[in-house]
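Based on these hints, arrange chain D on the given structure of chain E.
Protein chains: 2
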Amino acid sequence: MERVNIGVDIGGMTIKAGVVNNKGEILFRNTRKTNQKKGVENFINTIKEQIDELNKTAIENNYTVCGVGFGIPGVVNNKLGTIDYACNLGFEHVPLKEKLKDLNLEIALSNDANVACLAEQKFGAAKGKSNVVMLTLGTGIGGGVVIDNKLFEGVEGKGTELGHTVIVVNGVQCGCGRKGCFEAYASATALLRITKEHMMINRDSEMWDYCDGLIENVNGLTSFECAKAGDLEANKVVDEYIMYLGEGILNFCNIFRPNAIVLGGGVSNQKEYLVNKLIKYCEERDYGYRNSPKVEILIASLGNDAGIIGAAHLLEY
Amino acid sequence: MERVNIGVDIGGMTIKAGVVNNKGEILFRNTRKTNQKKGVENFINTIKEQIDELNKTAIENNYTVCGVGFGIPGVVNNKLGTIDYACNLGFEHVPLKEKLKDLNLEIALSNDANVACLAEQKFGAAKGKSNVVMLTLGTGIGGGVVIDNKLFEGVEGKGTELGHTVIVVNGVQCGCGRKGCFEAYASATALLRITKEHMMINRDSEMWDYCDGLIENVNGLTSFECAKAGDLEANKVVDEYIMYLGEGILNFCNIFRPNAIVLGGGVSNQKEYLVNKLIKYCEERDYGYRNSPKVEILIASLGNDAGIIGAAHLLEY
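Read top to bottom, the protein sequences are chains E and D.
Take the position in the first sequence, starting the count at 1, then add 30; the result is the number in this note's numbering.
Take the position in the second sequence, starting the count at 1, then add 30; the result is the number in this note's numbering.
No lab work stands behind these hints: they were computed from the structure.
One or more hints might be untrue.
Because identical chains cannot be distinguished in the list, a pair is counted as satisfied if it fits within a single copy or across any two copies.
Quick list of in silico lysine-lysine cross-link-like pairs, DSBU-like style, CA-CA up to 30 Å [unchecked claim]:
| hint | residue 1 | residue 2 |
| --- | --- | --- |
| 1 | K67 | K78 |
| 2 | K266 | K324 |
| 3 | K324 | K129 |
| 4 | K258 | K68 |
| 5 | K131 | K324 |
| 6 | K129 | K180 |
| 7 | K109 | K180 |
| 8 | K310 | K109 |
| 9 | K324 | K109 |
| 10 | K307 | K131 |
| 11 | K324 | K127 |
| 12 | K209 | K307 |
| 13 | K68 | K109 |
| 14 | K157 | K131 |
| 15 | K53 | K78 |
| 16 | K159 | K109 |
| 17 | K86 | K129 |
Just chain E, same shape as in the assembly (with noise of 0.2 Å):
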């Protein structure tokens, strides 16, 4: 009977599961919607529903689940295993691993951006590197933090919140109350605010055309697409973005001195375009990038199944 673990990737839209085995391989898997507006327990049955399935599965091929995983899309207290706060899914205080206690299974639960850069470094594109920061470039930037092959959380489980530190005192409003971080800068939402700006400064700009004239068809490739086609305000854009991705990731080397750092989320589509731009600013860049140990920036591998992946491995195998 082999051990396995199950992961559950919660998310704003759905809800993942999957057996995942100690190499990282997700064996069996289901999905269902997330329905908000439901509530809590119809959430939780839900997700009881999924395990109870997997767990079928898995006895059936002779495997022995030992425990269940959660990937969080908020903030969570991994002590209690509760679901502190969860903007996305409107849910505050929820008890989940009281509420799943009757399963008999061994409860885990971390931040989403966690038990991804868990992912990556395990199984992905910072395989076999003990030190790694990653970072989730979408809506808002999600941070995770692996140290001596080990996932860093903070106490309760409730830091490497690193969208949310400020590189510009007093700048842009965040969604989390403070002004000026580094999610209002960097993340996907934040690059479609800085292609509106400079849109509606330049409008003879190819990124009009892109959009067939309307503002609110920009996108997170606008920019990028435009600038790869030599638009001159969309290589603005670009070296704007970059310059403040950059930024936050040079504090994070001088932070962590990690051996690399893992980008995710939409933005990291642009891969090698996107690495080969953020690599030239930090070597231009003198503190730490020159004279210490070279920090790899990579783009994950795993896509959207580092959620399952990570949230299982949260667990002992």
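Frame of chain E; chain D shown alone:
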């Protein structure tokens, strides 16, 4: 034979060494002046003399010295035991461990702010707390981090350069080469700059009297003491300084979510006056601080002994 270690605190002016027991008590000590002009060999010989002298005293008093730990004002490689760069000493690429191998003692070294953090966490202001961030507010800003009762140093010991994290993109030039570092806004040096800027704007400020009308007399007390006496412009200086220091502290709360942040260095002599203003600033800002476990802000309590004590405790007892 009680086991002890020797801690050596290397500064720009003096080399302070001491025999330290496992309770963090300095049993015997000696001090020599640092003479940078005499070069690396002289520097090494001075240290050897100090260690030999302390070792002899330790043996005479029935102690066994197991190892020697060093706090270095600069960049080290803690794996190789080298001083890679120490601006204030004028040294580069010093193979310290290699040079001391005939002592037949275990050798360990780390950055000076790191060892101070370790000392404060084990025996000082943050005793009993497992997760601690230390900021030394002096000429620059040194950073140290203890995670789960263990010093966190990053690859090669080159992490936790907390002073060199940008809080104002394209801001004030920092000595490290970057622009807008925390150190350039919240060190004692930055406090003097901010003080002078405000004095130039307001010739009626009492800060001028405090300095006998000479701006070159400005020191770290000028703004704080005049603010306490009710001077409006001095209060503006203090508020501005608290803002930058507070934003940095909130960043480190969100990154490390420690139990406590310990402040050392010259500016920390303002004790409760400084801490009370910082707590007020942080509590008025939302993210992390309010809905997350409270991060205590404390003043370092070991003073100049932190270096010796922390350096000795880089080694096992």
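Verification of the supplied hints:
In this assembly of identical chains, K67 and K78 lie within 30 Å of each other by CA distance solely inside one copy; the values are 18 Å within and 71 Å between copies. In the homo-oligomer, the alpha carbons of K266 and K324 lie at most 30 Å apart inside one protomer (27 Å), although the nearest pairing across protomers, at 41 Å, exceeds that limit. When the C-alpha separation of K324 and K129 is checked against a cutoff of 30 Å, the pair qualifies only between copies, where the shortest distance is 27 Å, while the shortest distance within a copy is 45 Å. In this assembly of identical chains, the alpha carbons of K258 and K68 never lie at most 30 Å apart, being 45 Å within a copy and 56 Å across copies at closest.
Proximity of K131 to K324 under the C-alpha cut-off of 30 Å is restricted to the inter-copy arrangement: shortest distance 29 Å between copies versus 45 Å within a copy. Taking the closest pair of Cα atoms, K129 and K180 come within 30 Å of each other only inside a single copy of the chain (27 Å); across copies the shortest separation is 34 Å, beyond that limit. For a Cα distance limit of 30 Å, the shortest separation of K109 from K180 qualifies both inside one copy, at 16 Å, and across copies, at 20 Å. Only between protomers do K310 and K109 lie at most 30 Å apart by alpha-carbon distance; the minimum there is 28 Å, versus 41 Å within a single protomer.
For the identical chains of this complex, K324 and K109 are inter-copy neighbours only, at 16 Å across copies versus 35 Å inside a copy, given an alpha-carbon limit of 30 Å. Taking the shortest Cα distances, K307 and K131 never come within 30 Å of each other, neither inside one copy (49 Å) nor across copies (45 Å). With identical chains, the CA atoms of K324 and K127 are at most 30 Å apart between copies only, with a shortest distance of 23 Å across copies and 41 Å within one. Taking identical chains as interchangeable, the C-alpha atoms of K209 and K307 lie at most 30 Å apart whether they share a chain (27 Å) or sit on different chains (19 Å).
Within a single copy, K68 and K109 get their C-alpha atoms as close as 27 Å, which meets the 30 Å cut-off; across copies the closest is 55 Å, which misses it. In this assembly of identical chains, K157 and K131 lie within 30 Å of each other by CA distance neither inside one copy nor across copies; the values are 33 Å within and 36 Å between. Within a single copy, K53 and K78 get their C-alpha atoms as close as 25 Å, which meets the 30 Å cut-off; across copies the closest is 51 Å, which misses it. In the homo-oligomer, the alpha carbons of K159 and K109 lie at most 30 Å apart both inside one protomer (27 Å) and across protomers (16 Å), since each shortest distance falls under that limit.
For a Cα distance limit of 30 Å, the shortest separation of K86 from K129 inside one copy, 20 Å, qualifies, whereas the shortest one across copies, 63 Å, does not.
Going down the numbered hints, you'll see the structure goes against 4, 10 and 14, while the others check out.
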